[in-house]
Amino acid sequence: MKVISTEIDIASCSKLLVNSRAGALAGFEGWVRNHNDGHNVLQLEYEVYNPIAESEGDKIIQEAKTQYDILDAYCVHRSGLLEIGDCAVWVGVSAAHRNEAFDACRYIINNIKTRLPIWKKEYYQNGDSGWVNCERCAAEK
Amino acid sequence: MKVISTEIDIASCSKLLVNSRAGALAGFEGWVRNHNDGHNVLQLEYEVYNPIAESEGDKIIQEAKTQYDILDAYCVHRSGLLEIGDCAVWVGVSAAHRNEAFDACRYIINNIKTRLPIWKKEYYQNGDSGWVNCERCAAEK
Amino acid sequence: MKKSITVIYFALFREKAGINQEVILTEVSSVADLFLELKYRHQLNEPQGHCKIAINDNLATWDAEINDGDTVLLFPPVAGG
Amino acid sequence: MKKSITVIYFALFREKAGINQEVILTEVSSVADLFLELKYRHQLNEPQGHCKIAINDNLATWDAEINDGDTVLLFPPVAGG
Numbered sequence: 498m499k500v501i502s503t504e505i506d507i508a509s510c511s512k513l514l515v516n517s518r519a520g521a522l523a524g525f526e527g528w529v530r531n532h533n534d535g536h537n538v539l540q541l542e543y544e545v546y547n548p549i550a551e552s553e554g555d556k557i558i559q560e561a562k563t564q565y566d567i568l569d570a571y572c573v574h575r576s577g578l579l580e581i582g583d584c585a586v587w588v589g590v591s592a593a594h595r596n597e598a599f600d601a602c603r604y605i606i607n608n609i610k611t612r613l614p615i616w617k618k619e620y621y622q623n624g625d626s627g628w629v630n631c632e633r634c635a636a637e638k
Numbered sequence: 498m499k500v501i502s503t504e505i506d507i508a509s510c511s512k513l514l515v516n517s518r519a520g521a522l523a524g525f526e527g528w529v530r531n532h533n534d535g536h537n538v539l540q541l542e543y544e545v546y547n548p549i550a551e552s553e554g555d556k557i558i559q560e561a562k563t564q565y566d567i568l569d570a571y572c573v574h575r576s577g578l579l580e581i582g583d584c585a586v587w588v589g590v591s592a593a594h595r596n597e598a599f600d601a602c603r604y605i606i607n608n609i610k611t612r613l614p615i616w617k618k619e620y621y622q623n624g625d626s627g628w629v630n631c632e633r634c635a636a637e638k
Numbered sequence: 042m043k044k045s046i047t048v049i050y051f052a053l054f055r056e057k058a059g060i061n062q063e064v065i066l067t068e069v070s071s072v073a074d075l076f077l078e079l080k081y082r083h084q085l086n087e088p089q090g091h092c093k094i095a096i097n098d099n100l101a102t103w104d105a106e107i108n109d110g111d112t113v114l115l116f117p118p119v120a121g122g
Numbered sequence: 042m043k044k045s046i047t048v049i050y051f052a053l054f055r056e057k058a059g060i061n062q063e064v065i066l067t068e069v070s071s072v073a074d075l076f077l078e079l080k081y082r083h084q085l086n087e088p089q090g091h092c093k094i095a096i097n098d099n100l101a102t103w104d105a106e107i108n109d110g111d112t113v114l115l116f117p118p119v120a121g122g
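Chains as they are written, first to last, in the working numbering: chain A, 498 to 638; chain B, 498 to 638; chain C, 42 to 122; chain D, 42 to 122.
Watch out, some of these pointers could steer you wrong.
Unchecked claim - Here are the simulated lysine-lysine pairs, DSSO-like style, with alpha carbons at most 27 Å apart:
#1 A/LYS512 / B/LYS512
#2 C/LYS80 / B/LYS618
#3 C/LYS57 / B/LYS618
As the list claims (entries may be wrong) - To spell it out: a stretch of chain A is covered by chain B in this simulated footprint if at least three of its residues, at any positions, have a beta carbon under 8 Å from a beta carbon of chain B; those stretches are:
#4 525-534
#5 570-576
Hints are computed from structural coordinates only; laboratory data are not their basis. Just so we're clear, the structure is a prediction, and the values are computed from it rather than from any experiment. For every residue, glycine included, the Cβ atom is placed at its ideal position computed from N, Cα and C.
Sequences and hints are given; from them, build the entire structure.
Now the structure itself:
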């Protein structure tokens with residue numbers, strides 16, 4: 498698990514999971530949307546407390562490796578100011594077979610969204626801004 | 498849906514799905530493994546009947562768009578000779594939310610594996626070769 | 042009246058039949074019956090349920106009708122992905 | 042004896058408290074009681090169940106003990122991804 502303040506290079510991240518025993522890579526990219534709960538979003542700021550975000554992220558990845566028959570997994574999350582369409586988070590999981598890869602990838606992103614000290618401030622078209630609280634995350638899960 | 502005989506450029510494929518309303522991209526990459534059913538695999542040959550593979554692939558993508566609340570989906574499959582670690586198939590699905598993206602991505606790859614006129618010939622370390630039949634696919638589903 | 046059908050074989054079926062394609066004369070009327078005739082002709086033993094047939098580049102159901110001049114594609118068990 | 046605790050506020054809590062961090066003297070013994078005290082001090086109204094606390098860079102349970110000299114991180118509801 499890595500928190501970075503620059504663009505996520507998905508091709509390079511994906512290469513970290515290359516393994517000749519792997520038949521499947523399930524990937525997830527979270528993009529900044531132009532709307533949320535009926536508001537028009539212009540940009541987004543992620544505040545991250547890196548030490549715990551990374552240690553808790555590594556713990557989630559370790560849990561996924563214990564619970565699912567996968568080969569490897571990796572996650573990168575952005576911090577700082579992002580524009581619409583930017584990739585905010587990437588999760589990749591390699592496995593011999595695809596079902597395990599999909600299940601583990603979902604487990605990781607679900608837990609990344611609810612357990613890591615990461616806060617999202619949205620800046621709206623009408624000039625307002627607001628911290629997105631976890632209620633929506635809980636409903637989405 | 499596209500069948501191609503050259504390397505799949507995943508970053509470019511992924512860009513086709515960029516959409517400012519999209520918050521999630523679920524992706525699947527199928528890689529050539531070095532083993533299958535206890536055999537050591539050296540390389541793999543895909544024979545594809547392109548006209549029906551592409552039309553049936555488009556039909557599967559259309560079904561996914563009808564059944565799941567997604568924005569867009571795309572699939573590329575290789576034909577010809579592939580080496581261990583090569584990407585044989587890529588599926589990408591964009592959606593506002595991640596659950597729909599994951600479900601649709603799984604639907605598409607499951608159906609790509611069982612409905613398209615694509616045949617896989619494995620070349621083994623012991624000099625043998627063999628067509629992989631659909632029994633394993635059915636079990637994997 | 043006998044129908045003239047072009048049959049194209051793929052993958053395992055092409056190797057077993059020893060040919061890419063052939064033109065046959067047949068009296069069968071359904072895809073399922075044609076499949077049986079071709080299985081017997083080339084000693085193919087893959088069960089029908091694992092195979093597919095296309096007529097003139099469209100996947101066909103087993104009860105579809107065969108017409109004179111059709112091109113039939115014989116697909117052994119698939120393994121995409 | 043009063044304990045000296047460094048409290049660091051994040052995101053919404055930092056904005057509501059109007060400060061990044063402060064050192065407080067307190068008599069509470071558990072994380073849950075400290076959270077209550079800080080909520081009252083800065084008029085925070087997010088329910089405990091949606092928040093998290095870390096002690097010295099480790100996520101803590103609500104019944105964990107607070108010791109003199111600890112650094113406590115106060116996390117409002119998270120929204121990663």
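- Structure versus earlier hints - violations, ascending order: 5
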